[in-house]
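Undergrad: Chain by chain, the residues:
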Amino acid sequence: MQTETYLEEFKNEGKKPFTLRDVAWIAFVILGSFYAWTQYGGLMDQYEIGILGGTTVGLILLGRLWPSLQTLTVSVSLMVMLALWTYNSHGNVITANEEAFFLKFLLSSQSAIMWMSALFVMATATYFLALYNKSDFTYKTANFMVWAAATFGLVGMMVRWRESYIINFNYGHIPVSSLYEVFILFVVLTSLMYLFYEQRYKTRALGGFVMLVISAAVGFLLWYTFGKDAHVIQPLVPALKSYWMKIHVPANFVGYGSFSIAAMVGVAYLLTERALKKNPESSFASRMPALEAMDDLMYKVISLGFAFFTIATVLGAAWAAEAWGGYWSWDPKETWALIVWLNYAAWLHMRMSKGWRGAPMAWWAFIGLLITTFAFLGVNMFLSGLHSYGEL
Amino acid sequence: MTESKTPTSANAVPKSMKKKQPNQILNFFGSMNLAVTLLMMLSIASVIGTVLKQDESTQNYMIQFGPFWAEVFNSLGLFHVYGAAWFILVLLFLLLSTSICVTRNTPSFLKDMKQYSEKLSRAALQHQPNNTTFEGTVSLERQQEHAVALLKHKGYKTKTHIRDDGSVTVAGLKGKWNRLGYFLTHISIIVICIGALLDSNLLLKYRELTGSLEAETRTVGLDEINKNSWLGPENLSFRGSVNVADGGKTDVLFLPYEDGYLAQKLPFTIVNKQFRIKYYDTGMPKSFESDLILTAPDLDEPIVATIAVNHPLHYKNYAIFQSSFADGGTTLKLKVHPLLSPISNPLELDSAINKVEPLKTPMGKFKVEFNDFKMHNIIPATDEEKALTGHKMHNNGPTIIFKVRNDQGKAWEYENYIMPSLQEDRLFFMTGVRESQAEPFRYLFIPADANRKKDRFFKFLTLLNNPIKFMDLFTTQFPRTPDVSEKTYQLQTKLIQQLLALFRSKGFNGITEFVKSNVPEADRKQVSDYYFGQTSFALQTLYLEVLKEEGVIKTHSDEISEFDKTWFEDALNTVAGLSAYGPPMYFEVASFKQIQATGLQITKSPGKNVVFFGSAMLITGVFFLFYVRQRRVWIHIKPNAHTDLESDSTTSSSEITIAAKDNRDLPETTTEFNGLVNRVKKFNNNNNHA
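Residue numbers (this note's numbering), protein chains in the order written: chain C, 1 to 392; chain V, 1 to 690.
Please note: incorrect hints may appear among the correct ones.
[To be verified] From chain V, some residues computed to sit far from chain C (all C-beta separations above 12 Å):
hint, residue
1, Cys-101
2, Glu-118
3, Asn-406
4, Gln-490
5, Thr-603
[Claimed, not checked] Okay, derived cross-link-like pairs now, DSSO-like style, lysine-lysine, Cα gap no bigger than 30 Å in a straight line:
hint, chain 1, residue 1, chain 2, residue 2
6, C, Lys-241, V, Lys-249
7, V, Lys-333, V, Lys-355
8, C, Lys-241, V, Lys-386
9, C, Lys-11, V, Lys-682
10, V, Lys-174, C, Lys-354
It is worth saying that the hints were derived from the structure and are not from the lab. No residue lacks a Cβ here, since even glycine has one placed at the ideal position from N, Cα and C.
Modelling step: build the complete structure from the supplied sequences, incorporating the hints.
TA: Rendered as structure tokens:
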């Protein structure tokens, strides 16, 4: 049989070679996690050590899947180390963020988050400019700005984590507990997911649209900071003191982020379709990706979001069972999570089983964002319940 | 929930379906349209449930919507959406629809997971979503071997079929777990629903329908609870709560049920040794903990454990959670000051939180219900205080919350601060009153005297309540002078007395009102100026007398301090506000001993693990569905008729048809298909030139 011969022949082709860079990446992540464990392991319970281990494996795999993430991780790590070192050399007092140059202007959580905000807004404008002038350089600039913004966002979160312990050891917690903190998580995760799909689909034309949602979130963040002093680090209420928060919240925001991207791709789809209807030679449409590609992207992003939203809701139920004594209490936030879930379940059914495509699905994805936004923000603003942690 | 994809031709219509007449009813219940409609109904019902506050008292709904709409909404079950019969019915229909869908799809999907459809005709292949036909140049045998190897390399499982005409089909199949994803997700919904049903109160509803169970709506002691409201340990699942005072114990749990509650007997006893709250420096609670001892007949040693929020105690299939806290019957020593009494005679009362005390007064019979005691009342500090102390929060100290109810049943709710608090640099004892829970408290500020007490205020008030004493005082302080006639003097003192009475009952506003309704407009200003002057004069006289009695001043003409002046103004404001204070009593807490109670939530939830098992299935299934694609490829090699197989085994001409199909229509399918076709073409070209 020649089949084996052929198989032997095929065996090595197409396989990604295991390079030095991969070895370095794996070593970097493992060493980094090990260092974190030696430094802070004493404060972790067994579940949190498990989460650290899971994060290590996950990060290694994600970095292999998407090499740009490696660069991001290294930059963030270096900047955070610099910030922590500066705090340390100033005697670990929070006022160092007013004295030390690097902290004051770049790396304290507040400065980093301001840089992030500015860069996101600038990136939005730059992406639209690029769409207008079709310049590759402008696109590259916009893309770089998003990377830089995401870097600053992550640095801001990491440093804030440390700052919460510096302010008062009892306050210390991962910065995903208040509405202010999760907004940063939201913009960072959404932008990273966008960057992934930008590379994967080799299209930058959707950048401006996705960045619109991010800029809106940044606008809210700034109002929340300057209007309501929401950036002040507060201690945790007893109900939030749990390792569950470390997995439940990020999983949720992968979902929210994906749904936002899908909605904005939907908007881009509808605009392109309209332009094409008016004029099949439309110059706007010629700059946008093909309709089928956008339709497909919408599906991909929604299925990713749906998968993570499912995980997040189940994790939430597991946490509720431990904190509130019941996995389901029909609390407004829970109920709205169910509504969001049902909405996207119906969306996916219509696409997968009934074969719906195009404009109706784009509209639906956009309406989905409105529902998601209500679940995310509206519930906190208008309805009270067990989940009222971030109030406006 | 039906997958209505274009079928893979040969197995387009399963034979079993052809034989049977499609069942109309089954089709309806298993249809996608019904499923989506049900999902939408569920969503809308859920929205209603979050917008309309659930499970509140009938009275609150009446106030909110009016009697008519409250009744309509209530009969629609909108106040208990998630337990309403129609809501359960929607869920059951969804369950039915999902079950039918799964049952109907199982045979064809199972078949689809196994079969390679290698026998499809060339014509059928050319009807697949991706297909191409081109000329091959390699011998049939090598072509076939290469095709198998290529598909295997790409992760397909293959099956080769040799036809009678000498042509060969290599069929490849991969990603059959995608179908498993379908089963997992849909069955998981059924599993989760079953789990939820296990934890629901359907059995209790049934018992209620048959008449052996009814909710207790009264707040009564354990021995007075309705016999039909008790549940034994045989109850399959429950989730209820109970407050246990420090040092107290319980083996009963209260389950909220309809408009009341049910009492659940527990197969164990829980002792609350101590409940603790720890605070951050901001005044926010940092942790709630209870030291518990659990004893049960079948336990050799009692379980001693400390529970906290997020750290419950598990015992058998029960879980005990720290869910809240309350007052556990703090003991109070009170002084009840009658506000209209002309002599100082406060009533001493020993009571405790959660007790009801009858009060007989000259103003009628009242009942006092002591509802709550709060040790700390923490509010954000003012900017000045923040600058001064560095603390962001300010503690106003303990309060008691109680209701005074008259014999018609009307109640006033009070919130009395036990310690004075600073307002604009002066110390006041705050006391809030309201007539319904819907209103905020209206506060009265009783000024503290130099000793930080209320003694001076009550002395002043008592004197103000005593017209006879006032007359004595007035006539001794300001005897009639010879230039005033006896009659004028009489009239004047009488007027002052009346003005004081008016002020006592309605404040300065009362005097303004009186002038407005009794004096012609032209004279009003003059008269009211005069009246105000006279009233102030009288009040000052009273106040000076109080100061004299206190020994602060020796005679009425002594200079008085700034503090005493401001105190007087504050006291007048307070007296003016007394008219809106409800029954004329003030409850002063002389001393208290705090007793806390821990709020425990205890559950027995046999469905929990079922639900989590279902959830795990759901997550696994979702990933299979989205990230595993079921793909089929066929490589059909048909040797051309003129080729002489015997003479030349390396190069020969054949017609190659490649077709592919994905059970989902995705752009990747075409890309991969093209890649595959190019590989086969390249193989043919390379070997041709060789």
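Undergrad: Take the hints in turn and mark each one as holding or not.
TA: How the hints compare with the structure:
With 12 Å as the threshold on Cβ separation, the claim that V:Cys-101 sits away from chain C is violated: the shortest Cβ distance comes to roughly 10 Å. With a least CB separation of 16 Å from chain C, V:Glu-118 remains clear of the 12 Å interface cut-off, as annotated. With a least CB separation of 33 Å from chain C, V:Asn-406 remains clear of the 12 Å interface cut-off, as annotated. Non-interface status of V:Gln-490 relative to chain C is upheld: no Cβ of that chain comes within 12 Å, the nearest being about 64 Å off.
Against chain C, the non-interface label of V:Thr-603 is violated: not every CB pair exceeds 12 Å, the least being about 5 Å. Using a Cα cut-off of 30 Å, the hinted pair C:Lys-241 and V:Lys-249 holds, with the two alpha carbons roughly 28 Å apart. The suggested pairing of V:Lys-333 with V:Lys-355 holds, with an alpha-carbon distance near 13 Å, which does not exceed 30 Å. The straight-line distance between the Cα atoms of C:Lys-241 and V:Lys-386 is roughly 28 Å, inside the 30 Å bound, and the hint therefore holds.
Between C:Lys-11 and V:Lys-682, the direct Cα distance comes to roughly 17 Å. Compliance with the 30 Å bound is thereby established for this hinted pair. With a CA separation close to 23 Å, the supplied pair V:Lys-174 and C:Lys-354 stays within the 30 Å bound.
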